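Asker: For the protein sequence lines, the chains are X and G, in the order given. For the record, in the first sequence the residue sitting at position 8 is 8 according to the working numbering, with numbers rising by one throughout. Just add 184 to the spot in the second sequence (first one is 1) and you have the working numbering.
Check the hints yourself; a few may be wrong.
[Said to hold, decoys possible] List time: in silico EDC-like cross-link candidates among lysine to aspartate or glutamate, alpha-carbon distance up to 16 Å:
(1) G:K196 x G:D214
(2) G:K332 x X:E109
(3) G:K346 x X:D35
(4) G:K366 x X:E109
(5) G:K348 x X:E42
(6) X:K132 x X:E42
(7) G:K366 x G:D330
(8) G:K332 x G:E314
(9) G:K349 x X:D35
[As the list claims (entries may be wrong)] Derived coverage of chain X by chain G (criterion: at least 3 residues anywhere in the stretch with Cβ under 8 Å from a Cβ of chain G; other residues may be distant):
(10) 123-134
(11) 141-148
Worth flagging that the hints you see were computed from the coordinates, not collected in a lab. Predicted, not measured: the structure shown is a model, and the values here were computed from it. Virtual Cβ for every residue (Gly too), placed ideally from N, Cα, C.
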Amino acid sequence: MKRLLQIFFAFFRIGALTFGGGYSMLPMLQKETVDKTGWIRENQLSDYYALAQCEPGLIAVNMAVLICRPLFGVAGAAAAVLGVVMPSLLIILLIAACLGGAAHLVWLEHAFSGIRVAVAALVIQAVVRLLKNGVVDKATAVISGVAFVLLLLDVVNPVLIILAAALAGIGVRRFSQRRRGKRI
Amino acid sequence: MIYALLFYEFFKIGLFAVGGGLAALPFLYDLADRYPWFSDSQLTDMIAIAESTPGPLGINMATFAGYQTSGVLGGIIATFALVLPSFFITLLVCRFLHRFAANPVVEDAFYGLRPAVAGLIGAVAVGLLEISLFRTDHQGLLWGLDYKAAILFAALLPLVLKFKKHPILYIGVAAAIGIIFKF
Chain X
1 MKRLLQIFFA FFRIGALTFG GGYSMLPMLQ KETVDKTGWI RENQLSDYYA LAQCEPGLIA
61 VNMAVLICRP LFGVAGAAAA VLGVVMPSLL IILLIAACLG GAAHLVWLEH AFSGIRVAVA
121 ALVIQAVVRL LKNGVVDKAT AVISGVAFVL LLLDVVNPVL IILAAALAGI GVRRFSQRRR
181 GKRI
Chain G
185 MIYALLFYEF FKIGLFAVGG GLAALPFLYD LADRYPWFSD SQLTDMIAIA ESTPGPLGIN
245 MATFAGYQTS GVLGGIIATF ALVLPSFFIT LLVCRFLHRF AANPVVEDAF YGLRPAVAGL
305 IGAVAVGLLE ISLFRTDHQG LLWGLDYKAA ILFAALLPLV LKFKKHPILY IGVAAAIGII
365 FKF
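Same shape as in the complex, but just chain X (with noise of 0.2 Å):
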């Protein structure tokens, strides 16, 4: 009970800080499951991340699943899921139920500006933490190259490039490799 306490409440200190969907809750993520509680390790979020996007339905839950699942079984996931989604729920209900009121106040616009900006700042980080752990030889390197230009001219769909990067991923291993072979 105690352990479920902790990942609730782990996750809800996530999806209370998440400010604009799935990528700005990378930071968070970090600090909390990798940095705090050496739950999974950095490369496990990432490829957790990878799938998270491919799956369907809300990247906050696959994500809460996809690291509670496999340490603290089904009843962990939920309560990891629960967590993550409560923060949401309370906070837009109360907006709702006096709506034309908190949405209009001028100091908390000001202070969403300034939040957005720490916002970018924090995910430059994890996305130079992300680069540390997954760039590793020149392919790799190419690789994240090509995903980022193609998802900033916004031609390809994120989860085409996600697949392209995982077959990418396998031609290039299966290439060296054979490679290897021959020279031995």
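Chain X is fixed; fit chain G onto it per the hints.
Answerer: Same frame as chain X, but now just chain G:
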């Protein structure tokens, strides 16, 4: 009856929207067309509120749409209907992942996936910078630069990169600065 319909519609969105909260948007516009639950312009307000409040976007949208339709209970039902498909599908994925994690092909796939994820989030970061540092009502990039935000960013980034403090700290400080200096 409205609750069953809400559950059905949001369960469907949770099942078919691949790629996170923004992927749910086309489905929500479709809902606005087919039901008198909320209008297109209410949906736009909803997006603005969901973008500027904490929490995953899709959940915010479901709660808000459900509340608009049938009050607090509607908000709760829509949210859980949206979450359930992800929950069960990912439980399934976990079983397969466990079985295939040691498979060399899966390992090779992740060798390609890790740098791609970094690149994808990098592109997202560029988009975030655009939103947070530039005013949208200007056309020229330099004219639209929000100098206050740019200065805050230039000050924050080295701190964020150097000190591994909890994100809450940076978010709190940025919110305070936003209020004090009227961003």
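Asker: State for each hint whether it applies.
Answerer: Against the structure, the hints come out as follows:
1. Between K196 of chain G and D214 of chain G, the direct Cα distance comes to roughly 12 Å. Compliance with the 16 Å bound is thereby established for this hinted pair.
2. A hinted pair counts as satisfied when its Cα atoms are at most 16 Å apart, and K332 of chain G with E109 of chain X qualifies at roughly 15 Å.
3. Distance hint between K346 of chain G and D35 of chain X is fulfilled; the C-alpha atoms sit about 15 Å from each other, no more than 16 Å.
4. Annotation: proposed proximity of K366 of chain G to E109 of chain X holds, straight-line Cα distance about 9 Å (limit 16 Å).
5. A threshold of 16 Å between alpha carbons decides the hint, and for K348 of chain G with E42 of chain X the separation of about 14 Å falls inside it, so the pair holds.
6. Of the pairs offered as hints, the one joining K132 of chain X and E42 of chain X holds, with about 10 Å between alpha carbons and a cut-off of 16 Å not exceeded.
7. Of the pairs offered as hints, the one joining K366 of chain G and D330 of chain G holds, with about 12 Å between alpha carbons and a cut-off of 16 Å not exceeded.
8. Our distance criterion of 16 Å between C-alpha atoms is met by K332 of chain G and E314 of chain G, whose separation comes to about 14 Å.
9. Distance restraint check for K349 of chain G and D35 of chain X: the Cα-Cα separation of roughly 10 Å lies within the 16 Å cut-off, and the hinted pair is therefore satisfied.
10. Counting residues of the stretch 123-134 of chain X whose C-beta lies closer than 8 Å to any C-beta of chain G gives 10; at least three are required, and the coverage claim holds.
11. Using a Cβ-Cβ cut-off of 8 Å, 7 residues of the stretch 141-148 of chain X lie near chain G, which meets the minimum of three, so the contact claim holds.
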